[in-house]
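With chain A fixed as given, assemble chain B onto it according to the hints.
Chains A and B, in that order, are what the protein sequence lines are. Start counting the first sequence at 1; every next residue gets the next number (the working numbering). Start counting the second sequence at 1; every next residue gets the next number (the working numbering).
For the record, the hints were derived by calculation from the structure and aren't laboratory data. Careful, some of the hints might be misleading.
Copies of the same chain are indistinguishable here, so a pair counts whether it falls within one copy or spans any two.
Stated by the list, open to error - Simulated crosslink set (BS3-like; lysine-lysine; CA at most 25 Å straight-line):
id : residue 1 : residue 2
1  : K274      : K7
2  : K67       : K249
3  : K203      : K193
4  : K149      : K67
5  : K91       : K190
6  : K203      : K188
7  : K274      : K203
8  : K312      : K151
There are 2 protein chains.
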Amino acid sequence: MVEEFRKYIAENNLFNLSDRVLLTVSGGIDSMVMAHLFLAINASTGIAHCNFNLRGPESNEDEAFVKYFASLHKIPFFSESFDTIGFASEKGISIQMAARELRYRWFEEIRLKNNFHCISVAHNLNDNVETFLLNLTRGSGIAGLTGMKPKHKNLIRPLLFASRSSIVEYCNFNKIDFREDRSNAETKYKRNKIRHVIIPQFKEINPSFETTIIETAERLNEINEIISGHISGLRDKVSIVNDNSISFKINTLQGLSPRLTLLFELFRPYGIAKGQLDDLVNLINGKTGSQLITSSHRFIKNRKELVVSKMKQIQKITLRYL
Amino acid sequence: MVEEFRKYIAENNLFNLSDRVLLTVSGGIDSMVMAHLFLAINASTGIAHCNFNLRGPESNEDEAFVKYFASLHKIPFFSESFDTIGFASEKGISIQMAARELRYRWFEEIRLKNNFHCISVAHNLNDNVETFLLNLTRGSGIAGLTGMKPKHKNLIRPLLFASRSSIVEYCNFNKIDFREDRSNAETKYKRNKIRHVIIPQFKEINPSFETTIIETAERLNEINEIISGHISGLRDKVSIVNDNSISFKINTLQGLSPRLTLLFELFRPYGIAKGQLDDLVNLINGKTGSQLITSSHRFIKNRKELVVSKMKQIQKITLRYL
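Only chain A is shown next, with the shape it has when bound in the complex (with noise of 0.2 Å):
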């Protein structure tokens, strides 16, 4: 496990034995498994701690769990507490999506101010692929269908290439303690029906099938590549910068095919949401002076142009009120 731990590290340029990696520890058996492995490749990191306060005292016993073991190898430990649920309420969003905010946005301070090269992350082979099935089942279109990346900006994923069973074999030898993750069940309702009811069905059609939706997710990957290289390179041809906005010939639009999965890629960067793709094929066909407001800009069909420009502040805090 060390030695293809530090095989997938070395392929996939995740960082130099001599950069700082700041690890993110739950305490839960991979970032356990994690942070032995990076003690084990005698690498020098940093320990960040998550209190989200959603178990109660078991939350509490994690950080001193997590803090002694910091403390034991003798590096550096970093907690935080966070307000989630408030936090989660306030923005209108999930349990889960506030406690992913709020944990992402500290990690990066801690490692800008202690100046830590990455972030390293315990994502492994399973979690991957759970991604990718819960991706499917949401309908992300190819961009959520391509996989965990090993680096992603300044975080890395250096676990990645590991199999549940494996880091659980790893564990039992190395006899590394963990905690066990009893996080509300409701949390992770639809990723675990995933993992333990629907994955063990599919692997019973093809016992490979972990290995294979992995596969799948790179070369849909790879694709994903050659469409953005390609939707850039027609970007360049069909449209004209100006001073305050770009434009893009009507027929040339016209003649796009696949129409709606080329309108969306050209126009994604301008605010285009997949529920306006009808809406903008009428303006492309509609009558000269018609518009279209996405999240960001404002598209006028000008006659034989269509003219993008950046809405400005006001006019977005204006259309608010509407």
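Chain B in isolation, oriented as in the chain A frame:
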């Protein structure tokens, strides 16, 4: 249902009302509803029924049932018996694959001999979702995730818009008679597991799961079209067509990104299989004079070029003995 049927046929240009359509009717609920709908729109049809001899006396009863229906409505009837098990055994393929090959080959014979414009099969929306998931499980790459098409060469699927439940509803309302499909559970084990166990679980997470999958398949289909267009354009740019071969500049190939997917798509018409990608990369980077054989072509590295030529039949036969 009849109106949606008409609309789907029109929107997808499946056929004109003056065309003669060969209906493939097993006697099961989907094909009987399909036949009923064709009667409702007064189309000119014929009915083809395959007897695969897999269900003993029931197979013959199915045939008699469909024959009677055809005669009732004065529709030309064609039937054929197949030694499915023998054919499967001879070709070394599964019963399912054998049945499929036998029937499509025969449908096309009947179509041509009797001047039918196209062949209609009764696949419905749920079949489409199940096929998507089956392909996802097996690992088909993007090709298996683009969904069934309403039209493919001379084959049409005019029921693809309809859910199984709407078909059952139409059947019950119109008191349409049909034969229960009690085919060997084993040949449909995987599909049945997806239908009866896995999909219901997904629907607990997202009740619109099936529609979501269909939309994803349609987006992936459009993406596939974009990729194909992109790859063709790329192939024209990076290759030179000679009399008996096509050459590619080695340094252009070395510069491709994302490498594996682009190489696979570029060289797929020349017989490259996914398992040969690493060999291809090694060839591109290897010594001049190195070769690679695919199922249909020979690749030779000739200094700064990769030269691809079609293998002659005699060469293929020789190789078979090596």
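With identical chains, the pair K312 and K151 could be close in the same copy or across copies; at 25 Å between alpha carbons, which is it: within, between, both, or neither? neither (35 Å within a copy, 47 Å between copies)
As a check of your reading, is K203 near K193 (CA-CA no more than 25 Å) within one copy, between copies, both or neither? Cα proximity of K203 and K193: in one copy and across copies (14 Å, 11 Å).
What label fits K274 with K203 when the C-alpha limit is 25 Å: within, between, both, or neither? between (33 Å within a copy, 22 Å between copies)
Using 25 Å as the alpha-carbon threshold, which applies to K274 and K7: within, between, both, or neither? between (40 Å within a copy, 24 Å between copies)
Measure nothing new, just compare the shortest in-copy and cross-copy C-alpha distances for K203 and K188 to 25 Å and report within, between, both or neither. Both: 21 Å inside a chain and 16 Å across chains, each within 25 Å.
Have a look at K149 and K67 and pick one of within, between, both or neither, based on CA distance no larger than 25 Å. For K149 and K67, the Cα distance exceeds 25 Å both inside one copy (29 Å) and across copies (58 Å).
Is it within, between, both, or neither for K91 and K190, if the alpha carbons may be no more than 25 Å apart? Within. Shortest intra-copy distance 22 Å satisfies the 25 Å Cα cut-off; inter-copy 44 Å does not.
Identical-chain pair category, K67 with K249, by Cα at 25 Å: neither (61 Å within a copy, 58 Å between copies)
Consistency with the previously given hints fails for numbers 2, 4, 8, ordered from lowest to highest.
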